[in-house]
Amino acid sequence: MSCEPWQCAEIAATKKANPIMKPDVAVAMIKKAARPILIVGSNATERWMEGRQLIEYIIDFAKASKVPVVATAHMVGEFLKRGYEPAGFMSAMDIGNRLVDPSWQGLDGKGHPDLALFVGLPYYMEALILSGLKHFAPDLKTITLDNLYHPHASWSYPNGTLEEWASNLKVMTSKFEGGQQ
Amino acid sequence: MTTKNVHVKIDEMKTSTGLIKNLELSIGKVVDDSWAEPMGPTPMPSLTTLRDWDMKLLNRYKPFYMPDCDLCCLCTYGKCDLTAGKRGACGLDIGAQSSRIVLLACSIGAATHTGHARHVVDHLIEKYGRRHPIDVGGLNVKVEAPVTRLVTGIRPETLGDLEDVLEYCETQITHCLSAAHTGQEGNNLDFESKAFHAGMIDQVGMEVADIAQISTLNFPKADPEAPLIQMGIGTVDTSKPVIMCIGHNVVPSVGIIDYMKDSGLADKMEVVGLCCTAFDNTRYYDRAKIVGPISWQLRFIRGGFADVVVLDEQCVRTDMFNEAERVKAPVIAASEKNCMGFKDRTNDPADEIVADLVSGKVPGVLILDPDKVGEVAVKVAKQIAPIRRKMKVLPEIDEIVALAKTCRQCNMCQRSCPQDLKIPAALKAATEGNIAPLTELYEECIGCGRCEEVCPVKLQIHSFIVKAGEKYMIEETNLCRAGRGAVQDVEIRNVGSPIVLGEIPGILAVVGCANYPHGGKDVYDICREFALRRYIVVTSGCSAMSAGSYKNDEGKTLYEEFTGTFEAGGVLNVGSCVANSHIAGAAIKVANIFAKRPLRGNYEEIADYIHNRVGAVGLAWGAYSQKAASIAAGFWRLGVPVLVGPHGSKYRRMLLGREDKPEDWEVYDARTGDKVNIGPAPEHLFQTVETPQEAMVAIAKLCIRPNDTWKGRSIKLSHYIDLHKRHYGVMPPDLHLFVRTMADVPMTMKDEITAILEAKGWKETVIPDPTLLPRMIRKKKE
Ligand code: SF4
Ligand code: SF4
Ligand code: SF4
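Protein chains in written order, with my numbering: chain A, 1 to 181; chain B, 1 to 782.
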């Protein structure tokens, strides 16, 4: 599995995401984080794995890990339809803009997130937001849970198949207390 | 004028030949200053004249940078790695570098429109003379050039007057561009301010280009009932010779259409266009046809429909000479800015050029005389069409199936596709005889050809998609209203009050290019949604084409379903890219004609008025170009928010307000001088939206203005709430920020909203006479 950006031209210069070769690595970082946050984009209802939509995997993961979810675009409605209430919702630009502001105290007003997880935004938009965070939020760690390598994140899975993606998300979910199935 | 170095003013003087009255002389030019309106404070603003105003906006709408590249390689000290706060050898950091790219984009955009305007004005002066009057709408349009009047303080009456305006624009663009040199500007906000300046100049350049061509070429003059134009390749009679014009500058096309008509061939040929040239052709000649937006260049060249391709300027594929050669269509390059490497044949006899093109001796020529372009294009098309009709251009389906079998499933095509289209899967299905997945790609493919560039087995993927979608392509038969040009003064008078009071919930301008994330249908859906909600919907450019490319249940296009008047529920097409100036012009005219604010050289006050009172928002769903960047920048400086679709995030800098920071949302109440919190209205100045659903909710919200009366606010809120509930499934969480008094609350939702307000600890506030400018306060506090 190569660690090349999914969109060939989306290359980074001197600071490239570390590859996540096993879901346990991501799980360990999430467990270590004091104030993680999960940003979920509009592909959550566009991507299907093993007959289920990405959003369903995300809900399982969010419930198990208790990482608060920020839904972008119109995804809040999609979460609510499935009986899950995200901690917040706003445009992808707004959450990016808040994350680069060190004085932003998070969705609950209790402190700035120290880890931002991303999944399901259009690849190029997610790449740009991750680039903004790489440059302007030096204290924030970023991880993508997509199956596409994002060089601007701090940590990213390499490009992988839908089966691998489903498996990674399921393994991650299972590693949290009360994890799924 | 006041900006000239040498300035002599004579009120009255007796000479040997008579009495001279009211004469002003500036550097040898006689300036007729019969315009009674006194000059405002900022005629012909320099780079820094409006810097304070820009900083007011930038302080509220701070840049959020998303660098597209970590490096800078603009000078030989580089490459410099600017990652995460590192400075380059010149001292620049990534924030300033990102804003420098924005400035460069806006300067390129402004230079492109202004260069276009210069070419058009020079050409038209040569043809019609300097004294040819400016007329964009007869008695219906007395404020003929609102942007020009506002920015320069000049009221142009003749083509010659436009030269003065252009001279100013050209100087400013040079200054803007020079600020991007290494070791000039270093502060990101100063770069941003200069980008705003370039955007403002761009609006002037566009206005000059459009009013010059409207005044001379008999385009529709502010006509709400401009003709409906046939659009789509299905409307083109391909048994006739077809001349396809691509670009933005109508001048060569005028040569073609005139020659065709003069030779009695109007019924025997088709003149079709892509991108804005298509629009301006149809404004000149209503039997010209529109094929489609810019992104369809490859599609229609590869489809083999063109017998001759005429290229003018802007947004033309730079490999068009290759592409046209593949289908044996001769190319005529007709712009100094886009010579395509062809030999300049401007001074050769037309018949010689025709012979060379028809015989295939040369694939293309450069001709810089529009009349000669006309003669050559028409003659070549006539002679070559019968030969070309026998050609097969697209591969047959069985060939595609056979070729698909050579696909290595390496995914490189998909990984290079800006739309991330599942090409390998579609090809795999094709090998099994199932073409449907390939056909499905037709709508979303933006025709960039990147997939083919990377394919290791050199599959003509785009041609496969075009062939698979051929049925849809040749069935494209739609109608688009010809660009009407300006908005009439009387239309502004009719809607000025309901707009400013908020009773017309907003003006939605759907403009720009066709780099859509999922095809053009989203543009249609958004326009229709807001027209049905009785917003004023204004379109232009490729978006205007997409808006007309779909039909309702009764088979009517948007332009048939809704009126073309600037009124609630109207859907207007102002025209080509340069006609975007009329949208800014309409907002300016609301301030001037309806509210009677002085216009002349009075930028800041008018922008303050528009920002606080005119609920307008721009949506460039598929914006891709530097011109789109400068068009947006012109609106930013006027305080009008602009939304772009997901690909627009690649402009790499947003201007975002923070609704969670109440301190950012204070204005002065001009009546009292008190500071009043108006809530996040409008919340952003430049924002990427991810999905059409998000766009609709954002549009409704961004039309809210501090000046709305309670009635207007309750109307705007009911649209915002309704769309929010529909697409997000819940009430807007920021509703309380937009309710000033209980009268703002839509009646039908009173109980529900009252409960929300109570839970949020909402407090009543006042509706101010809003301004960001201390000098507009009428009664100073002790
Ligand atoms: S312009 Fe500045 S940052 Fe860019 S390459 Fe030159 S020295 Fe480096
Ligand atoms: S031509 Fe179409 S399919 Fe090919 S890369 Fe471009 S958008 Fe994708
Ligand atoms: S790049 Fe060519 S070979 Fe590779 S998957 Fe695409 S079509 Fe097949």
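Calculated directly from the structure, the hints in this document are not laboratory data. A couple of the hints might just be wrong.
Said to hold, decoys possible - Stretch by stretch, here's where chain A covers chain B in the computed footprint (C-beta under 8 Å, at least three residues):
id: 1; segment: 66-73
id: 2; segment: 393-407
id: 3; segment: 642-655
id: 4; segment: 694-708
id: 5; segment: 721-730
What the hints assert, rightly or not - Dumping the calculated DSS-like pairs for lysine-lysine here, alpha-carbon to alpha-carbon at most 30 Å:
id: 6; chain 1: B; residue 1: Lys62; chain 2: A; residue 2: Lys81
id: 7; chain 1: A; residue 1: Lys81; chain 2: B; residue 2: Lys760
id: 8; chain 1: A; residue 1: Lys66; chain 2: B; residue 2: Lys86
id: 9; chain 1: A; residue 1: Lys22; chain 2: B; residue 2: Lys422
id: 10; chain 1: A; residue 1: Lys16; chain 2: B; residue 2: Lys650
id: 11; chain 1: A; residue 1: Lys63; chain 2: B; residue 2: Lys725
id: 12; chain 1: B; residue 1: Lys86; chain 2: A; residue 2: Lys32
id: 13; chain 1: B; residue 1: Lys422; chain 2: A; residue 2: Lys81
id: 14; chain 1: B; residue 1: Lys661; chain 2: A; residue 2: Lys141
id: 15; chain 1: A; residue 1: Lys66; chain 2: B; residue 2: Lys428
id: 16; chain 1: B; residue 1: Lys725; chain 2: A; residue 2: Lys15
id: 17; chain 1: B; residue 1: Lys521; chain 2: A; residue 2: Lys110
id: 18; chain 1: B; residue 1: Lys361; chain 2: A; residue 2: Lys170
id: 19; chain 1: A; residue 1: Lys170; chain 2: B; residue 2: Lys422
id: 20; chain 1: A; residue 1: Lys16; chain 2: B; residue 2: Lys86
id: 21; chain 1: A; residue 1: Lys110; chain 2: B; residue 2: Lys62
id: 22; chain 1: B; residue 1: Lys725; chain 2: B; residue 2: Lys760
id: 23; chain 1: A; residue 1: Lys81; chain 2: A; residue 2: Lys63
Said to hold, decoys possible - Listed below are several chain B residues computed to face chain A (Cβ distance under 7 Å; list not exhaustive):
id: 24; residue: Gln230
id: 25; residue: Ser416
id: 26; residue: Asp669
id: 27; residue: Arg671
id: 28; residue: Thr672
id: 29; residue: Thr688
All C-beta atoms in this analysis are idealised placements derived from N, C-alpha and C, irrespective of residue type, glycine included.
These are the hints, each one checked on the structure:
Residues of the segment 66-73 of chain B with a Cβ under 8 Å from some Cβ of chain A number 6, which satisfies the need for three, so the listed coverage holds. Counting residues of the segment 393-407 of chain B whose CB lies closer than 8 Å to any CB of chain A gives 0, which falls below the minimum of 3, so the coverage claim is violated. Only residues whose C-beta sits within less than 8 Å of a C-beta in chain A count toward coverage, and the segment 642-655 of chain B has 6 of them, enough to reach three; the restraint holds. A count of 3 residues in the segment 694-708 of chain B with a Cβ less than 8 Å from any Cβ of chain A is obtained; the coverage claim is therefore met, three being the minimum.
Counting residues of the segment 721-730 of chain B whose C-beta sits closer than 8 Å to any C-beta of chain A gives 4, which meets the bar of three, so the coverage hint holds. Restraint check for B/Lys62 and A/Lys81: not satisfied, since their Cα atoms lie roughly 35 Å apart, outside the 30 Å limit. Under the criterion of a C-alpha separation no larger than 30 Å, the hint pairing A/Lys81 with B/Lys760 is consistent with the structure, at around 25 Å. For the suggested pair A/Lys66 and B/Lys86, the alpha carbons sit about 36 Å apart, so the restraint of at most 30 Å is broken.
The suggested pairing of A/Lys22 with B/Lys422 holds, with an alpha-carbon distance near 27 Å, which does not exceed 30 Å. For the given pair, A/Lys16 sits about 20 Å from B/Lys650 by alpha-carbon distance, which is consistent with the 30 Å threshold. Taken as a hint, the A/Lys63 and B/Lys725 pair is honoured in the structure, with Cα atoms around 25 Å apart against an allowance of 30 Å. Of the pairs offered as hints, the one joining B/Lys86 and A/Lys32 holds, with about 29 Å between alpha carbons and a cut-off of 30 Å not exceeded.
With a C-alpha separation of about 28 Å, the suggested pair B/Lys422 and A/Lys81 falls inside the 30 Å cut-off, and the hint holds. Straight-line distance between C-alpha atoms of B/Lys661 and A/Lys141 comes to about 25 Å, which keeps the hinted pair within the 30 Å bound. The suggested pairing of A/Lys66 with B/Lys428 is violated, with an alpha-carbon distance near 41 Å, which exceeds 30 Å. Distance hint between B/Lys725 and A/Lys15 is unfulfilled; the C-alpha atoms sit about 42 Å from each other, more than 30 Å.
At roughly 43 Å between alpha-carbon atoms, B/Lys521 and A/Lys110 are farther apart than 30 Å, so this suggested pair is violated. Between B/Lys361 and A/Lys170 the alpha-carbon distance is near 64 Å, which puts this suggested pair outside the 30 Å criterion. Between A/Lys170 and B/Lys422, the direct Cα distance comes to roughly 25 Å. Compliance with the 30 Å bound is thereby established for this hinted pair. Our distance criterion of 30 Å between C-alpha atoms is met by A/Lys16 and B/Lys86, whose separation comes to about 16 Å.
Under the criterion of a C-alpha separation no larger than 30 Å, the hint pairing A/Lys110 with B/Lys62 is consistent with the structure, at around 24 Å. Between B/Lys725 and B/Lys760 the CA atoms are separated by roughly 19 Å; this keeps the pair inside 30 Å, and the hint holds. Taking the CA atoms of A/Lys81 and A/Lys63, the gap is about 16 Å. The hint holds against a cut of 30 Å. With 7 Å as the threshold, the beta carbon of B/Gln230 stays out of range of chain A, its nearest partner Cβ sitting at about 35 Å, so the hint is violated.
Hint on B/Ser416 holds. Least Cβ distance to chain A is approximately 5 Å, under the 7 Å limit. Because the beta carbon of B/Asp669 sits about 28 Å from the nearest beta carbon in chain A, more than 7 Å, this interface hint is broken. At its closest, the beta carbon of B/Arg671 sits 33 Å from a beta carbon of chain A; the interface hint therefore is violated under the 7 Å criterion. This hint is violated: B/Thr672 has a C-beta 32 Å from the nearest C-beta of chain A, more than the 7 Å allowed.
Residue-level restraint check for B/Thr688 holds (minimum Cβ-Cβ distance to chain A is 5 Å; threshold 7 Å).
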